[in-house]
Amino acid sequence: EPEVTQTPSHQVTQMGQEVILRCVPISNHLYFYWYRQILGQKVEFLVSFYNNEISEKSEIFDDQFSVERPDGSNFTLKIRSTKLEDSAMYFCTTGDGDYGYTFGSGTRLTVV
Amino acid sequence: GQQVMQIPQYQHVQEGEDFTTYCNSSTTLSNIQWYKQRPGGHPVFLIQLVKSGEVKKQKRLTFQFGEAKKNSSLHITATQTTDVGTYFCAGNNQGGKLIFGQGTELSVKP
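Keeping their order, the protein sequence lines are chains A and B. If you use the numbering used here, the first sequence corresponds to residues 8 to 119, in order. If you use the numbering used here, the second sequence corresponds to residues 109 to 218, in order.
Treat the hints with care, since some could be wrong.
[What the hints assert, rightly or not] Below, simulated DSBU-like cross-link-like pairs (lysine-lysine); rule was C-alpha separation at most 30 Å, straight line:
| id | chain 1 | residue 1 | chain 2 | residue 2 |
| --- | --- | --- | --- | --- |
| 1 | B | Lys167 | B | Lys178 |
| 2 | B | Lys144 | A | Lys85 |
| 3 | B | Lys165 | B | Lys144 |
| 4 | A | Lys49 | A | Lys64 |
| 5 | A | Lys49 | B | Lys144 |
| 6 | B | Lys178 | B | Lys144 |
| 7 | B | Lys159 | A | Lys64 |
| 8 | B | Lys164 | B | Lys217 |
| 9 | B | Lys165 | A | Lys49 |
| 10 | A | Lys49 | B | Lys217 |
| 11 | A | Lys64 | B | Lys178 |
| 12 | B | Lys167 | A | Lys49 |
| 13 | B | Lys164 | A | Lys49 |
| 14 | B | Lys217 | B | Lys165 |
| 15 | B | Lys178 | A | Lys49 |
| 16 | B | Lys144 | A | Lys64 |
| 17 | B | Lys164 | B | Lys178 |
| 18 | B | Lys144 | B | Lys167 |
| 19 | B | Lys159 | B | Lys144 |
| 20 | A | Lys90 | A | Lys64 |
[Said to hold, decoys possible] Computed from the model, here is a short list of chain B residues facing chain A with C-beta under 8 Å:
| id | residue |
| --- | --- |
| 21 | Phe153 |
| 22 | Gly204 |
| 23 | Lys205 |
| 24 | Leu206 |
| 25 | Gln210 |
Bear in mind the hints are in silico, worked out from the structure with no lab data behind them. Don't be surprised by glycine CBs; every beta carbon is placed ideally from N, CA and C.
Hey, can you work out the whole structure from these sequences and the hints?
Quick look at the structure:
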């Protein structure tokens, strides 16, 4: 069964540092999303990406966040200057627009 | 903004008992999806409901979508220990993003 691959699985970074989370979507999927889940809480929408541009973003997705597909396959989430409250599990999600979405295994980001 | 409320937050059952979780959206949805997340895992897609009043079954799981397309439920008959996890509903509007409910954490005592 096709999978969404995320790297790294765990990232520890110092406050103020930049991090890049990477995702390899399912090849025939057109819709890409980033969600995050703070420990023990619900899954929160960050941003959706379609046709090489952001289609929607949440209030969480402020100027410190950016997404791109640098090589047409990988899908990345960059946090420019991490804060303690950015500590969470970040899930990359992809879909074909018709049915449910496939979540990657996530990157656990710990900001210290 | 759009909100999706889910109850209960926790449910502890004896193996063999039934389980139900309920989901309510503040706005009409184009579809609703259900996901299961095992402890330490990622959400895994279970099903999507699109039509008003739709009912779908997957073995012991029954999913319903309300007539107004604003509420939904997941019912598990005769729970097993393998059913343990957190069940999330997620509302989907035309824009495609999912708004997740808070989830119902199910524990099953053997």
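Against the structure, the hints:
no. : hint                : in the structure
1   : B/Lys167 / B/Lys178 : holds, 25 Å
2   : B/Lys144 / A/Lys85  : holds, 27 Å
3   : B/Lys165 / B/Lys144 : holds, 15 Å
4   : A/Lys49 / A/Lys64   : holds, 17 Å
5   : A/Lys49 / B/Lys144  : holds, 12 Å
6   : B/Lys178 / B/Lys144 : holds, 20 Å
7   : B/Lys159 / A/Lys64  : holds, 27 Å
8   : B/Lys164 / B/Lys217 : holds, 27 Å
9   : B/Lys165 / A/Lys49  : holds, 25 Å
10  : A/Lys49 / B/Lys217  : holds, 24 Å
11  : A/Lys64 / B/Lys178  : holds, 23 Å
12  : B/Lys167 / A/Lys49  : holds, 26 Å
13  : B/Lys164 / A/Lys49  : holds, 24 Å
14  : B/Lys217 / B/Lys165 : holds, 24 Å
15  : B/Lys178 / A/Lys49  : holds, 19 Å
16  : B/Lys144 / A/Lys64  : holds, 24 Å
17  : B/Lys164 / B/Lys178 : holds, 17 Å
18  : B/Lys144 / B/Lys167 : holds, 15 Å
19  : B/Lys159 / B/Lys144 : holds, 21 Å
20  : A/Lys90 / A/Lys64   : holds, 19 Å
21  : Phe153              : holds, 3 Å
22  : Gly204              : holds, 6 Å
23  : Lys205              : holds, 5 Å
24  : Leu206              : holds, 6 Å
25  : Gln210              : holds, 5 Å
Going down the numbered hints, you'll see the structure goes against none, and every one checks out.
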